[in-house]
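Residue-level listing of the chains:
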Amino acid sequence: MTVVTSPPAPGFRRRVAALLHRRPRLRLALLLSAPLAWLLIAYLGALAAMLLTAFWSTDTFTGNIVKQFTLQNFKDVFGDPVYRTIALRSLGVAALVTVVDAVLAYPMAFFMAKVARPRSRPFLVIAILTPLWAAYLVKAYAWRVMLADGGLVNWALKPFGLSGPGYGLPATVVVLAYLWLPYMILPLYAGLERMPDSLLDASGDLGGRTGRTFRSVVLPMTFPSLVAGSIFTFSLSLGDYITVKIVGGKSQLIGNVVYDNIGAANNLPFAAAVATLPVMVMLIYIAAVRRTGALEEL
Amino acid sequence: MWSKRLALTLTAVTLTAACGGGSATTSSPGGFTPPKLSALKALGAGEGQVNLVAWAGYAEDGTNDKTVDWVHPFEKATGCKVNTKIAGTSDEMVTLMKTGQYDAVSASGDATLRLIAGGTVAPVNTALVPNYADIFPGLKLQPWNSVNGVAYGIPHGRGANLLMWRTDKVTTAPDSWGAVFDANSPYKGKVTAYDSPIYIADAALYLMSAQPALGIKNPYALDRKQFDASVALLKTQNKNIGEYWSDYTKEVQSFKSGNSVIGTTWQVIANLAQGEKAPVQVVLPKEGATGWSDTWMVAAKAQHPTCAYKWLDWIVSPKVNAQVAEWFGEAPANAKACQETADKNFCTTFHATDETYFSKVRYWTTPIAQCLDGRKDVKCVDYSEWTKAWTAIKG
Chain A
252 MTVVTSPPAP
262 GFRRRVAALL
272 HRRPRLRLAL
282 LLSAPLAWLL
292 IAYLGALAAM
302 LLTAFWSTDT
312 FTGNIVKQFT
322 LQNFKDVFGD
332 PVYRTIALRS
342 LGVAALVTVV
352 DAVLAYPMAF
362 FMAKVARPRS
372 RPFLVIAILT
382 PLWAAYLVKA
392 YAWRVMLADG
402 GLVNWALKPF
412 GLSGPGYGLP
422 ATVVVLAYLW
432 LPYMILPLYA
442 GLERMPDSLL
452 DASGDLGGRT
462 GRTFRSVVLP
472 MTFPSLVAGS
482 IFTFSLSLGD
492 YITVKIVGGK
502 SQLIGNVVYD
512 NIGAANNLPF
522 AAAVATLPVM
532 VMLIYIAAVR
542 RTGALEEL
Chain B
198 MWSKRLALTL
208 TAVTLTAACG
218 GGSATTSSPG
228 GFTPPKLSAL
238 KALGAGEGQV
248 NLVAWAGYAE
258 DGTNDKTVDW
268 VHPFEKATGC
278 KVNTKIAGTS
288 DEMVTLMKTG
298 QYDAVSASGD
308 ATLRLIAGGT
318 VAPVNTALVP
328 NYADIFPGLK
338 LQPWNSVNGV
348 AYGIPHGRGA
358 NLLMWRTDKV
368 TTAPDSWGAV
378 FDANSPYKGK
388 VTAYDSPIYI
398 ADAALYLMSA
408 QPALGIKNPY
418 ALDRKQFDAS
428 VALLKTQNKN
438 IGEYWSDYTK
448 EVQSFKSGNS
458 VIGTTWQVIA
468 NLAQGEKAPV
478 QVVLPKEGAT
488 GWSDTWMVAA
498 KAQHPTCAYK
508 WLDWIVSPKV
518 NAQVAEWFGE
528 APANAKACQE
538 TADKNFCTTF
548 HATDETYFSK
558 VRYWTTPIAQ
568 CLDGRKDVKC
578 VDYSEWTKAW
588 TAIKG
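The listed protein sequences derive, respectively, from chains A and B. With the first sequence counted from 1, adding 251 to any position gets you the numbering used here. With the second sequence counted from 1, adding 197 to any position gets you the numbering used here.
Treat the hints with care, as some may be off.
[Unchecked claim] Derived lysine to aspartate or glutamate pairs resembling EDC-like cross-links, with alpha carbons at most 20 Å apart:
{"id": "1", "chain 1": "B", "residue 1": "278", "chain 2": "B", "residue 2": "510"}
{"id": "2", "chain 1": "B", "residue 1": "432", "chain 2": "A", "residue 2": "331"}
{"id": "3", "chain 1": "A", "residue 1": "326", "chain 2": "B", "residue 2": "331"}
{"id": "4", "chain 1": "B", "residue 1": "483", "chain 2": "B", "residue 2": "579"}
{"id": "5", "chain 1": "A", "residue 1": "390", "chain 2": "B", "residue 2": "444"}
{"id": "6", "chain 1": "B", "residue 1": "453", "chain 2": "A", "residue 2": "400"}
{"id": "7", "chain 1": "B", "residue 1": "366", "chain 2": "B", "residue 2": "379"}
{"id": "8", "chain 1": "B", "residue 1": "337", "chain 2": "B", "residue 2": "510"}
{"id": "9", "chain 1": "B", "residue 1": "516", "chain 2": "B", "residue 2": "266"}
{"id": "10", "chain 1": "B", "residue 1": "432", "chain 2": "B", "residue 2": "582"}
{"id": "11", "chain 1": "B", "residue 1": "422", "chain 2": "B", "residue 2": "258"}
{"id": "12", "chain 1": "B", "residue 1": "533", "chain 2": "B", "residue 2": "523"}
{"id": "13", "chain 1": "B", "residue 1": "414", "chain 2": "B", "residue 2": "484"}
{"id": "14", "chain 1": "A", "residue 1": "326", "chain 2": "B", "residue 2": "579"}
{"id": "15", "chain 1": "B", "residue 1": "385", "chain 2": "A", "residue 2": "400"}
{"id": "16", "chain 1": "B", "residue 1": "516", "chain 2": "B", "residue 2": "262"}
{"id": "17", "chain 1": "B", "residue 1": "516", "chain 2": "B", "residue 2": "331"}
{"id": "18", "chain 1": "B", "residue 1": "273", "chain 2": "B", "residue 2": "258"}
{"id": "19", "chain 1": "B", "residue 1": "474", "chain 2": "A", "residue 2": "400"}
{"id": "20", "chain 1": "B", "residue 1": "516", "chain 2": "B", "residue 2": "258"}
{"id": "21", "chain 1": "B", "residue 1": "366", "chain 2": "A", "residue 2": "400"}
[To be verified] If you want the footprint, here are the derived chain B segments under chain A, 3+ residues with CB under 8 Å:
{"id": "22", "segment": "428-442"}
{"id": "23", "segment": "452-465"}
[What the hints assert, rightly or not] Among the chain A residues that face chain B by a calculated CB cut under 8 Å, a handful are:
{"id": "24", "residue": "399"}
{"id": "25", "residue": "401"}
{"id": "26", "residue": "444"}
{"id": "27", "residue": "501"}
{"id": "28", "residue": "508"}
FYI, nobody ran anything at the bench for these hints, they're computed from the structure. All of these numbers come straight from a predicted model, not from anything done at the bench. Even for Gly, the Cβ is constructed at its ideal location relative to N, Cα and C.
With the sequences and hints as input, model every part of the structure.
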């Protein structure tokens with residue numbers, strides 16, 4: 252037998268340890284204070300600063316910000332029909348991208364989760380993730396070249412007497428749908444994988460065909476995953492301004508207005524006022540999603 | 198010319214007064230009262246580094262192209278390490294210079310007067326810049342780089358926004374901006390335009406001759422009626438636009454593929470497109486054109502003035518000025534640079550010595566509420582309004 256003699260503990264450390272042991276709430280507070288400070292100061296603080304800036308204005312000559320309360324920026328954003336048109340156009344593009352991605356992602360995610368052999372699943376996931384490793388700009392410019400007048404898309408469609416969409420909103424939707432597809436597939440894949448196979452068998456035994464099984468079993472079961480994916484594709488599309496600059500022809504979205512006001516006009520307050528639009532849209536969207544109960548099931 | 202200079206002068210007065218710029222002592226007949234600042238008397242020992250604010254492509258250190266490097270040779274020759282901050286717009290340049298952390302800036306005409314009036318930059322002692330002697334006389338002591346005959350900077354280079362078209366698609370060579378503003382253009386969906394509010398000036402320039410009744414004297418000084426007419430013209434043009442460009446590689450590719458067949462351009466873009474075998478031609482239309490003329494200026498509170506002056510002299514030295522001009526695609530400021538260019542026809546292509554060519558060019562200027570053409574009875578539309586209108590034009 253050996254006698255374990257613990258070294259004389261440093262009194263302070265032991266006292267602190269004992270204190271933390273006795274008071275779990277203090278322990279929790281200390282653990283969470285750093286990440287919470289980050290969330291409050293860097294994350295929400297930035298949002299608050301943006302909101303505040305939106306009520307200021309810019310001196311047109313010096314370019315300095317005039318810190319005086321004014322509602323003019325919001326009057327301009329909500330009063331001028333052009334911003335309404337742009338906001339609705341951005342919403343339409345974001346919604347369309349989400350729908351296209353959902354339609355494309357369901358069969359792919361279903362194949363990955365239910366049809367493919369379990370051993371090959373990790374490789375399929377990697378295959379889905381690989382495009383994310385390539386730079387965003389490279390992919391967007393590649394699409395620009397493919398969609399050009401003499402480009403790959405037109406060349407491939409020519410034998411059928413068709414031509415590609417050219418540069419414009421349809422091209423923007425196609426490219427954004429391509430860019431954000433992995434963000435839709437991955438949540439759907441996770442949702443489908445959690446769904447027991449026996450449910451599909453049961454539906455089949457009860458005479459449900461593919462369409463009925465999808466509507467009555469798969470869709471309700473994976474709805475939270477669909478919502479999670481749609482939040483990604485919708486919000487990413489809503490804030491995008493680079494793709495539309497590259498393949499969007501002359502169209503502009505909310506992001507372009509924000510960018511032009513910061514980059515060209517040095518009018519930060521107005522840009523901030525415009526930037527509150529997508530924030531509001533996303534809040535409304537998430538509130539609507541919450542009512543469906545999808546957020547609780549995530 | 199005199200009336201234009203006077204107008205700028207008067208504007209600057211109001212502006213200086215408006216921002217309460219320092220104690221004014223150098224009063225003049227025109228009334229321009231820049232803050233009293235004196236130029237550097239003599240060069241000292243190099244401070245070891247220099248902080249620059251520059252346009253992309255003006256201070257290349259070989260990172261974009263190994264053969265394009267005039268920063269490292271400068272560092273080797275002078276012992277001044279160069280720290281470059283690239284600015285994307287004139288507004289950004291003004292903001293950066295106001296921080297007082299930078300020694301020199303390559304300012305365009307829409308930033309220079311704001312910097313001078315605000316006391317951000319000091320006059321330049323041209324005697325300390327030996328290469329100043331070889332600068333084209335047409336660029337020296339101009340309204341955008343001097344006040345009352347006092348130089349505030351060293352001219353760097355200039356260029357014009359041109360009209361480019363594809364010779365296989367546009368059969369009759371255009372000689373007027375009307376080709377891009379025609380409502381019934383046969384090239385619907387294939388017209389391109391520069392994506393910046395400053396492009397409104399291009400429409401105004403065209404209206405100067407197309408609708409003389411509007412009485413536009415300066416495309417950067419538009420009253421409400423003139424401005425609305427220009428905006429209306431651009432809204433009509435929008436129906437024919439295929440895409441707007443702001444990035445030059447995008448335009449090269451557009452013209453090469455045929456997505457764009459006619460529109461505004463820079464000389465460098467035309468050269469690149471021709472280099473890629475795109476059948477394009479450019480012209481300076483009969484109405485004239487908008488353009489730019491850049492100036493290197495020294496900060497009033499420069500912490501490294503000697504190195505800044507050495508940089509000014511370096512960037513306009515014949516060989517380096519030729520390199521910058523060829524890389525960026527503009528006419529050099531130094532007359533001797535024309536013998537140093539790799540392409541021996543470079544100065545001819547870019548009209549470096551052609552003063553009649555540049556007399557048709559309206560250099561970019563920031564539109565402000567006080568009309569730049571000297572009118573006192575009306576208020577002009579300022580740049581923030583231009584930006585908002587530009588968003589509305591694109592729809």
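Here is what the structure says about each hint:
1. B:278 with B:510: Holds: residue 278 of chain B and residue 510 of chain B sit about 15 Å apart, inside 20 Å.
2. B:432 with A:331: 16 Å, holds
3. A:326 with B:331: Violated. Residue 326 of chain A to residue 331 of chain B sits at ~54 Å, over the 20 Å cutoff.
4. B:483 with B:579: Answer violated: residue 483 of chain B to residue 579 of chain B is near 27 Å, above 20 Å.
5. A:390 with B:444: 17 Å, holds
6. B:453 with A:400: Holds - the C-alpha atoms of residue 400 of chain A and residue 453 of chain B are around 10 Å apart, at most 20 Å.
7. B:366 with B:379: Distance of about 16 Å is within 20 Å: holds.
8. B:337 with B:510: 15 Å, holds
9. B:516 with B:266: It holds: about 12 Å lies between the C-alpha atoms, which stays within 20 Å.
10. B:432 with B:582: Distance ~16 Å between residue 432 of chain B and residue 582 of chain B Cα, so the pair holds.
11. B:422 with B:258: Given that 20 Å is the threshold and the Cα spacing comes to 47 Å, the pair is violated.
12. B:533 with B:523: Measuring from Cα to Cα gives roughly 14 Å; hence the hint holds.
13. B:414 with B:484: At roughly 13 Å apart (the allowed maximum being 20 Å), residue 484 of chain B and residue 414 of chain B satisfy the hint.
14. A:326 with B:579: Holds - the C-alpha atoms of residue 579 of chain B and residue 326 of chain A are around 19 Å apart, at most 20 Å.
15. B:385 with A:400: Holds, at roughly 15 Å.
16. B:516 with B:262: 17 Å, holds
17. B:516 with B:331: It holds: about 12 Å lies between the C-alpha atoms, which stays within 20 Å.
18. B:273 with B:258: Status holds; Cα separation ~12 Å.
19. B:474 with A:400: 16 Å, holds
20. B:516 with B:258: 15 Å, holds
21. B:366 with A:400: 13 Å, holds
22. 428-442: holds (count 5)
23. 452-465: Coverage by chain A holds for the segment 452-465 of chain B (3 residues, Cβ < 8 Å).
24. 399: 4 Å, holds
25. 401: At about 5 Å, which falls below the 8 Å cut-off, the nearest Cβ of chain B leaves the hint on residue 401 of chain A intact, so it holds.
26. 444: 42 Å, violated
27. 501: 5 Å, holds
28. 508: 6 Å, holds
Violation of the numbered hints given earlier is confined to hints 3, 4, 11 and 26; the remaining hints are satisfied by the structure.
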